[in-house]
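A.B. asks: Whole structure, please, built from the sequences with the hints as guidance.
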Amino acid sequence: MKEQVEAILEKIRPMLMMDGGNIELVDVKDGEVFVHLVGACGMCPSSTMTLKMGVERAIKEEIPEIKRVVQV
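Residues 263 to 334, numbered by the numbering used here, are exactly what the sequence shown covers, in order.
Just to be clear, a hint being listed does not mean it is correct.
[Unchecked claim] Computed cross-link-like contacts, DSS-like style, restricted to lysine-lysine with a CA-CA straight-line distance of at most 25 Å:
no., residue 1, residue 2
1, LYS264, LYS314
2, LYS291, LYS273
3, LYS322, LYS273
[Claimed, not checked] The following label-pair restraints were derived from C-beta to C-beta distances:
no., residue 1, residue 2, range
4, GLN266, MET305, 27 to 33 Å
5, SER308, VAL288, 16 to 22 Å
6, GLU324, VAL288, 15 to 21 Å
7, GLU327, ALA302, 29 to 35 Å
8, PRO307, GLN266, 26 to 32 Å
9, GLY304, GLU268, 29 to 35 Å
I should point out that these hints are in silico values taken from the structure, not numbers from a laboratory. Positions of the beta carbon are idealized from the N, C-alpha and C atoms, including for glycine.
C.D. replies: In structure tokens form, the structure reads like this:
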């Protein structure tokens, strides 16, 4: 499942990189995806919305077993 999540993140990365940020996959465990937002995304006040409305939604659409995405 980790490979599936990484493939989805590869699709999202260009959008984040346009704003000076990026996302790193830390782990996938028990239906939860743990990520680390870096660069501009790590300090952005909108990072929570990006994480929930962008990243989490994209992952859940393709992998329904995922319950949530957590920033670490």
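A.B. asks: Now tell me, hint by hint, if it's right for this structure.
C.D. replies: Consistency of the hints with the structure:
{"no.": "1", "hint": "LYS264 x LYS314", "verdict": "19 Å, holds"}
{"no.": "2", "hint": "LYS291 x LYS273", "verdict": "21 Å, holds"}
{"no.": "3", "hint": "LYS322 x LYS273", "verdict": "14 Å, holds"}
{"no.": "4", "hint": "GLN266 x MET305: 27 to 33 Å", "verdict": "29 Å, holds"}
{"no.": "5", "hint": "SER308 x VAL288: 16 to 22 Å", "verdict": "21 Å, holds"}
{"no.": "6", "hint": "GLU324 x VAL288: 15 to 21 Å", "verdict": "19 Å, holds"}
{"no.": "7", "hint": "GLU327 x ALA302: 29 to 35 Å", "verdict": "31 Å, holds"}
{"no.": "8", "hint": "PRO307 x GLN266: 26 to 32 Å", "verdict": "30 Å, holds"}
{"no.": "9", "hint": "GLY304 x GLU268: 29 to 35 Å", "verdict": "19 Å, violated"}
Comparing the model with each numbered hint stated earlier shows that hint 9 is the single one that does not hold.
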